[in-house]
Every structure is written in structure tokens, then in C-alpha cells.
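Here are the chains, one letter per residue:
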Amino acid sequence: MNETARNFPKDGVEADANAPLPIAVRDLTKRYGTVMAVDHISFTLKPGSTVALLGGNGAGKTTTIAMLLGLIRPTAGEVRVFGTDMGHDRYNVAQRMNFQSPYVDLPARLTVKENLKVYAELYGIANAAERIAYVAQHLQIEELLDRQTGKLSAGQKTRVGLAKALLNAPELLLLDEPTASLDPDTADRVRRKLKDYARGRNATLLLASHNMAEVERLADRVILLHAGRIIEDETPQALIESYGQRTLEDVFLDVVRGRNTGNVATQPESLAS
Amino acid sequence: MSVPEVIDTAEPVLLPPSGLHASLRRIGALVRRYMYLLRSSGVRIVELIYWPFLQMLTWGFLQKYLASTDNPYAQAAGVLIGSVLLWDILFRSKIGFSTTFIEEMWSRNLGSLLTSPLRPFELVAALSLWSIIRLSVGMVPVAIAAFIIFGFNLLDLGLALVAFFFVLVLTSWSLGLVAAGVILRYGLGAEELAWSMAFLLLPLCCVYYPVAILPDWLQPVALALPPTHVFEGMRSILLHNTFDPADLWWALGLNAIYLAAGYATFSWFLNSARENGTLLQLGE
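From first to last, the protein sequence lines stand for chains A and B. Be aware that the first sequence starts at 1, since it is given in the working numbering, and climbs by one per residue. Be aware that the second sequence starts at 274, since it is given in the working numbering, and climbs by one per residue.
Same shape as in the complex, but just chain B (with noise of 0.2 angstroms):
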């Protein structure tokens, strides 16, 4: 190795750590480095849209061929697109949040990320922030081909819509701090988890059917879900024209609780990693 002259100068010029600049600088890092994650890989990028797509056109199919019979149930399937694709709003943002943070795991980054100047809750923040632009970057594209296929608008939800997306996301948080901590306190083992976590909402939150049809007792734990006020509305909207905003602010009211104990959670966890070890042999 040869040995250049080196220059000595270039002295660090630091900026304060604290305060909101500081935050979102360090959010903005974080953001940055998992923009430069997807940058680095087409294959990503396909796979954010392949999911979705499948899905929407397996049941944009369907609802296709119920819609052409005289099969009673017909009218209700009108609504299998929309539920599908706010369905993937939910799965896709917690799967977002979950193996971002994951990937931090594999890369065992984790070490040198808790050690900087990041609090744990701007690490939160971008990983957040991160869900939405993956998300964004997967089902728009969807949206439009559901709209191209099926003649499916989603936009028909009005402003709805962008109420129904923001419970959706803040569950999928809630989930995904819960998955993180796990994670975080008993390592890869438990990755499992950020995969399946999302699926034990899908027959409870009512997805494809009513409220109605679960067994009465059964019926508070689904409507305790905020995700079950956001499908309950679309059927509303799309088949009766008619919706209850006091629903919505139900499911937002119980998001704030569910995203609350998320946090406390993943930090509950997160201190059990650094009490137990962990946080140093984490990693594949």
C-alpha cells in the first residue's frame, strides 16, 4: 500500500445533537440510507408492486365473475377490490416497518445506529416514514391498474380514503413496534413473527364481511380493532352511499391507544435487549 501525503485538515464541523433539527436531520439520515437500500436493488422495487398487483388482480377477477351471475352476493362483491386493496394499505405498511427494521438486524447495524446520537424514537420515526414510501412506491401503481382492469376507482371513497389510510397505517405501526421489540429482544428466531403478526387481524377486523356475521361475542373484540371501523365504512360507502364519521374517529381514538402501548412495548423490549446482552449479537 502506498502511502500518499495527507492533508491535514477537514475539521469536523458538528451541529447541536439536540433539539428538533437534530431529530429530523437524523430522521432524514435514516430515511436517506433505506432510499439508497432500494436504489441498490431492482428486484426490490418489482417486488414492492408484484404482491399487491397478484392479489388485486386475483379478486378484481373474481368479483368479475360473480358480478356476471345471478348469484345473490353478487352486489356485495362490488366491494372485493376495495377491500383487498385497503387490506394491502394495512399488510404492506407493517411489512414495511417490520423488515426495514429487520434489515438493520441482518446488516448488524444495529450496534453502531444505538451508539450514534439516534434516539430510539427517531429511529421509530423513520422507520415510519419509510413504511409510507414503500408503501406509496407499491400500491399506487396497483390502484392505477385496478382502475385500468376492474374500472375499480378507489378515489370513489372520497375523502374517506385518506382518513381509512391513516388508520390503516397507524395499526400497521402498532404492529410493527410490537414485531420490532420482539425481535429486537429475542433476535431473528422471532422474525417469524413480522411476517404472520398482521394475518391474525385479517378474520377479526372483517376484511371481506360484516361485522354482523361474527358470533355476538366475538363482535366487541372486532369492532375494538380499528381496522374493522375502516372496512365496515367502505362496505357502507360503496354499497349504501351512506357513512358514520363517528366511526372513524373511533378507530382513531383506539389507534392512539394501540400505537401508545406499541411504544411502550418496543421500548419495554428494547431495554430487556440492552439488560440481557443482545443488542450485541444480533445479526445473521
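With the rest of the complex left out, here is chain A (with noise of 0.2 angstroms):
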């Protein structure tokens, strides 16, 4: 193979502080008919942030996150990854981002094993065996390789899906209910691993959730949705204090019930030239 491999910053290297951000949204709408999915919402990802996606169902989380990875397209509005418009040039940064959903599965019927291999070939990576061999390791699912992935438990594919989603070292990841079906145990190990990965890699995290602990834990910044619209983007301490509660569950709780509505500045980050 004449291609020339390019390996991924190691740990710990800090972004150029030049460089394009890694998530930049303008004004993006999303409308079906007359449903408003998706109501002009703009934000900016800085890189090394992991930043929550919050709301309630039919808030536009899911329909957010699928416009930034190019399975929507939007109805106005743009978004930029890494300085690409995902409208045209999505391809240019495919390579950098990857995605974890409870909304898509692996082929039931091949192995974890053979299911990586295929996804580490489209996803371009010259030392699969080796890779598959560590994510594995890392998210404990060496004794399922050789398992068929449509008779693994519900826990067990979200892991499988992680190891997927985590194959390409991705700079950029967007996870959708990252520790849906996992046992709180399992989860808290996830989530350990998670924020390892984007501390030592100073990826950028972008997660939809309904788990508010895990929120907490692992988000610097909230974005609250609802009815497709940003009301919050916050820190979540900051968030908890200026609506008066003790856990960002109540937070939700609040202003999902339309009961308060808190006083923090919700002017999101100005976009990147």
C-alpha cells in the first residue's frame, strides 16, 4: 500500500489555538411540515469541552445530533465541523468524528470481532487488529469478540457500540444515551472511560442524555432543549444555582414543568469567524 499514514495527536497535546472549531452551528432549523423539530439554534463546541445535549423528548436532541453528523439535513441554518460545512464537505472530517446511538445497530449476525474490522477498514485504520485489540481492552469486551453481535444483551451491544464509535481515536464524538441499558456498575466504569478519553485526548464530547448524575459528571456545559429551542447553556453548577435546586435533575424537572425559569445568562458562545 502506497498511502501515507498520519497518526492522531498523542495524549495530553493541547489544540491549536488557531485551529477550526470543532463544532460550529448557525441558526439551524429543522422543520417537518409544520413541526418545528429544531427552532434556529446556534452554539459552538470549544475543543476538550464535553458539552450535554438536555431536554425533553420531541426536544430535538436526537435531530440536533443527527444534523451534525450529516443524516439530516437541515431546513436552514449551518454546521461546521473542524471548519467544514457538513452540508457539502462532510467527507473532509469523517475521518475525525464517529457516533454512538441507541437508533443504530451493528449486523446481528456477524461477530463484535468481524463488525470492528469492517468499521476499522472504512474508517481507514492501517493497525486494526491491534486497535480492536486495545479498544477492547479498554471497554472490557475481549470475551465477546468472537460472540455474535445479535445475541449479546442489550448492555453489552451499547459497549460493543462504544468500541465502534471509539475505534478511530475520534477527535470530535457524538453519543446519544451513552449509557442506555447498562447496569449502574458498567455505566460508571463507561463514563469513567469516557471522560479519560476526551481529558487525554482533549477530544470534543457532544452528549444527548436523559441521565442526569451522568450529566453532572461528565458535562462541563449544558445546553437545555425544549420544543427545539436552547433556554439554557450553562455550567451545570451554574445552572443548579440560578434555578435554586439541589440536583440538575430538578433543574430538568423545572423547566421541563414549566415551573421556574432561571436567571443565568443563556446567550450562547458567538460563533468562529
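Don't read these hints as lab results, they were simulated from the structure. Any given hint could turn out to be false.
Claimed, not checked - Residues of chain A clear of chain B, computed beta-carbon distances all greater than 12 angstroms:
{"hint": "1", "residue": "ASN18"}
{"hint": "2", "residue": "GLY77"}
{"hint": "3", "residue": "PRO102"}
{"hint": "4", "residue": "GLU114"}
{"hint": "5", "residue": "ASP176"}
{"hint": "6", "residue": "ALA180"}
{"hint": "7", "residue": "ALA213"}
{"hint": "8", "residue": "ILE231"}
{"hint": "9", "residue": "GLN237"}
{"hint": "10", "residue": "ALA238"}
{"hint": "11", "residue": "ILE240"}
{"hint": "12", "residue": "GLU249"}
{"hint": "13", "residue": "LEU253"}
What the hints assert, rightly or not - Calculated lysine to aspartate or glutamate pairs in the EDC-like style (CA-CA distance at most 20 angstroms, straight line):
{"hint": "14", "chain 1": "A", "residue 1": "LYS195", "chain 2": "A", "residue 2": "ASP183"}
{"hint": "15", "chain 1": "A", "residue 1": "LYS113", "chain 2": "B", "residue 2": "ASP489"}
{"hint": "16", "chain 1": "A", "residue 1": "LYS113", "chain 2": "A", "residue 2": "GLU142"}
{"hint": "17", "chain 1": "A", "residue 1": "LYS151", "chain 2": "A", "residue 2": "GLU130"}
{"hint": "18", "chain 1": "A", "residue 1": "LYS195", "chain 2": "B", "residue 2": "GLU284"}
{"hint": "19", "chain 1": "A", "residue 1": "LYS46", "chain 2": "A", "residue 2": "ASP185"}
{"hint": "20", "chain 1": "A", "residue 1": "LYS193", "chain 2": "A", "residue 2": "GLU234"}
{"hint": "21", "chain 1": "A", "residue 1": "LYS193", "chain 2": "B", "residue 2": "GLU284"}
{"hint": "22", "chain 1": "A", "residue 1": "LYS46", "chain 2": "A", "residue 2": "ASP85"}
{"hint": "23", "chain 1": "A", "residue 1": "LYS46", "chain 2": "A", "residue 2": "ASP196"}
{"hint": "24", "chain 1": "A", "residue 1": "LYS195", "chain 2": "A", "residue 2": "ASP185"}
{"hint": "25", "chain 1": "A", "residue 1": "LYS151", "chain 2": "B", "residue 2": "GLU284"}
Every residue gets a Cβ at the ideal spot worked out from N, C-alpha and C, and that includes glycine.
With the hints as a guide, bring the two chains together.
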């Protein structure tokens, strides 16, 4: 093979201050007929940040993530990932990102190792065997590698999905309910792995979750969506304080039930030029 | 769950995502996956041979019966097995393309594929290549069986057979692309289309009878279909030992148009699925 290999930055490497932002979203809108799923939202994510998208069912979290991935075309607005317009040049950055979602599966009849091998090739990983072994060890799925993916429990499938998402060591990782179906012990370990991963590589994480404890633990910023609009954009602690609550879950309940409003400034971070 | 010591090594060495090598690698990855799928089920391999074999047996015995009578159509009946085998190339190749695509949807894998560096044309190329591999697995044993049981040698068609094969396979890809696009946009409810679409061609492309038998107004429609030229050519070789290559050039030219139209249709439906948000809702 005459292709030149490229390595991702090693652990602890600082991001170039002039590098384009991992995510820059401006006036992003998705309308299905008369239903406004996402309503003119704007936000940016800094390199190395972990940001949670929170909201009730139908708030627009999954649609937003799908638009960031290029699976859904926005009605209006712009999504840039590492400076690349996802509407036109998605393939320029596809290798630098990855995602995991309960809405997608890996083929059930293939073994876990076969599935990971295929995705390693799709993402252009030259040292696939070594990388699969490493990720499997990292997520403790080594004993599952030779089992058919369809015969795994929901929790095991979630971990395998995460393994696929980490194969290419993405600089940007989009996670939809990353610990869904995991028992508390395993979920806790997975969260720790994700946190270590983000910190070690200065990777950017955007996660949609209903698990408030998870968000409090992982995210350094929360974007709260309601009816497709951003109604809060702050650190978890600032949100809790502004709503006079003790936990993020209480804040969430206040917001979705319309009981209270915070006094946090909700100006989204300005977009990168 | 125990917590083993994790050795923090194995940086992924990433190859360039663009260029011919990258495309070939991704196409190869998908074909490898389809191979894994086929290997995972012996029933699937048997099924690839089962239907073409039954078809060949049925028409082969009919041909044998007609040949043993004084029926004036006995001579024409000699081409029945040839017709069946060539029709199966078109039909099985189309089914191979469509069912492999449907399988991606059944397994809810399309979302992962379409967010990876895989380009849509690479997915189409992998499906096309796989349809030929599936076809070979099914048709080669059946063609050999036709020779052993009925003495029909498909290779008697000579070099024209290679051209016939490509014309039929190219047509099957055009049909497969349209079916895949419709399923992508409208979901698995449109799955029936994948199975039935090729049958639309059956009466029009004159598999078992000459074009001249059709009403005058329908003949131009039949001649606008590439497979018609294949079946006419096959009859001409087997019955009169003559063959006009110009017919094949026509068929190849028509195929180029249909293939371009098929890919455009697939791309249009894919864009429409992105527009309507159906890519996230696909699956069983």
C-alpha cells in the first residue's frame, strides 16, 4: 500500500488555538411540515469540552445530533465541524469524528470482531487488529469479540457500539444516550473511560442524555433544549444555582414542567469566524 | 465486572480518507462484511442455488418433452433452458443487489455506514460487486447441472455469453438502484418492490418468445430494454447460428443510460431521505 499513514495527536497534546472549532452551529433549523423540530439554534463547542444536550422527549436532541452527523439535512442554518460545512464537504472530516446511538445497530449475524474489523477498514485504520484489541480491553469486551453481535445483551451491545465509536480515536465524539441499558456499575466505568478519553486526547464530546447524574459528572456545559429551542446554555453548577435547586434533575423537571425559570444569561457562545 | 489493567497503547494509524486506494479499501470492507454474512448461514448458500436449480429443472423437462414430440415448436423449445439461465442472471443479480441493501436496513446499520467515511457510490459499487459474487455462487453450479442433466452447454453461446452476462448484470444494477432508492425513502414498506420490479420486465423483454410476437406498438418499448437484445441474440445463435454484434452495442448503450438514470434516482431518494429524516428511522 503506498498510502501515507497519519497519526492522531498523542495524549495530552494541546489544541492549536487557531484551529477551527470542533462544532459551530448557526441558526440551525429543522422543520417537518408544520412541526418545528429544531428552531434556529446556535452554539459552538471548544476543543476538549464535554457538552450535554438535555431536553425532554421531542425536544430536538436527536435531530440536532443527526444534523451534526449529516444524516438529516437542515431546513436552514449551517453546521461546521472542524471548519468544514457538513452540508457539502462531510467526507473531509468523517474520519475525525464518530458516534454512537441506540438508533443504530451493528449487523446481528456478524461477530463483534468481524463488525469492528469492517468499521476499522471503513475508517482507514491501518493497525486494525492492534486497535481492536486495545479498544476491546479498554471497554472490557474482550470476551465478547467472538460472539455474534445479535446474541449480546442490550448493555453489551451498548459497549460494543462504544468500541466502534472509539476505534478511530475520534477528535469529536457524538453520543446519544451513551450508557443506556448499562447497569449502574458498568455505566459508571464507561463514564470514567469516556472522561479519561476526552481528557487524555483533548477530544470534544457532545452527548444527549436523560441521565442527569451522568451529565453532572461528565459535562462541563449543558445546553438545555425545549421544543427545539435552546433555553439554557451554562455549566451544570451554574444552572443548579440559578434555579435554586440541589440537582440537575430538579432543574430539568422545573424546565420541562414550566415551574420556574433560571436567571442565567442564555446567550450562546459566539460563533467562530 | 473485574477491572483489568489497561495498557494505554495502540494509537490508530489512520490512512488517507480520499483517493482511489481509500475507495477500494472501503468497497473491500463492505464486500468482506457481506462475505461474513453469507458465511454465517449455510441456509443462505443453499438458497442461492435452490431457486435457479428448480427453474432449470422445470424448463429443462418441458424442453425435453417438447423435443420428443412432433410439435412444430419443438425446435424452438431447445432454447428454453438458455432463456431460463439468462433470465436468472438478470433476476438473481437484481435480487442480490436489493436484498443486500435491504439487509443493511434490517440490521439498522445504515446510519453508521452513512456517517462513516464511506461514500454512497462506494456503497453502490460494493453492492454491485457482491451481486456478481452471489450470482456466481448460485449460477455456476446450476449451469453445470444443466449440462449434466440436459446436455445444455451455456458455453455454446461462445464469446457472446460474456457480453450477454454484462448486459444483463448492468440492467439488474439499474433496477437495483431504483429499488434501493425507493426503499431508502419510503422504508421497508416498499420492500415488495425489490422483489417484484424485475418481473415487470419479464413480458416486455421477450425472454421466451421473439419480439415479433408482440403487437407493433409494443415492439419499440421492448427494443428499448437492453435484455431484449440479449434474448433475441441468444435465440439467433442457438436457432440460426448467426448473431449481429450491433445488437449488443445497442444494448450496452441503453444500459449506460439506464445505469446513469438508476444512480441519479438512488441519489435523489437518498437526498430526499436526508431531507425527511427517514435515515434515522430505518430498520425493523
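Worksheet item: Checking the smallest CB distance to chain B, is GLY77/A really beyond 12 angstroms?
Response: Holds: least Cβ distance 14 angstroms, greater than 12 angstroms.
Discussion item. So if I understand the rule, the pair passes when the alpha-carbon distance is 20 angstroms or less; does LYS46/A with ASP85/A pass?
Written reply: This hinted pair holds, its Cα atoms lying about 17 angstroms apart.
Discussion item. The output says ALA238/A does not contact chain B. Does that hold with a beta carbon cutoff of 12 angstroms?
Written reply: 32 angstroms, holds
Discussion item. Verify this label for me: LEU253/A is non-interface relative to chain B, using a Cβ-Cβ cutoff of 12 angstroms.
Written reply: Holds, since 27 angstroms exceeds 12 angstroms.
Worksheet item: Does the structure keep LYS195/A and ASP183/A at a Cα separation of 20 angstroms or less?
Response: 18 angstroms, holds
Worksheet item: Since PRO102/A was said not to touch the interface, does its Cβ keep a gap of more than 12 angstroms from each Cβ of chain B?
Response: About 10 angstroms separates PRO102/A from the closest Cβ of chain B, which leaves it inside 12 angstroms; violated.
Item to complete: Measure nothing beyond the straight line between the CA atoms of LYS151/A and GLU284/B; if it is 20 angstroms or shorter, mark the hint as holding.
Response: The hint is violated at about 30 angstroms.
Discussion item. Please verify that the nearest CB of chain B lies beyond 12 angstroms from ASN18/A's CB.
Written reply: The claim holds: ASN18/A sits with its nearest Cβ about 22 angstroms from chain B, beyond 12 angstroms.
Worksheet item: Given the proposed pairing of LYS195/A with GLU284/B, does the C-alpha separation stay at or below 20 angstroms?
Response: Holds: LYS195/A and GLU284/B sit about 18 angstroms apart, inside 20 angstroms.
Item to complete: Take a quick look at GLU114/A and tell me if its Cβ sits farther than 12 angstroms from every Cβ on chain B, holds or violated.
Response: 5 angstroms, violated
Worksheet item: Would the least Cβ to Cβ distance between GLU249/A and chain B come out above 12 angstroms?
Response: 26 angstroms, holds
Worksheet item: Can we trust that ILE231/A is non-interface, i.e. its beta-carbon lies farther than 12 angstroms from all of chain B?
Response: 23 angstroms, holds
Hint check: violations occur at hints 3, 4, 5, 15, 17, 19, 20, 25; the rest are consistent with the structure.
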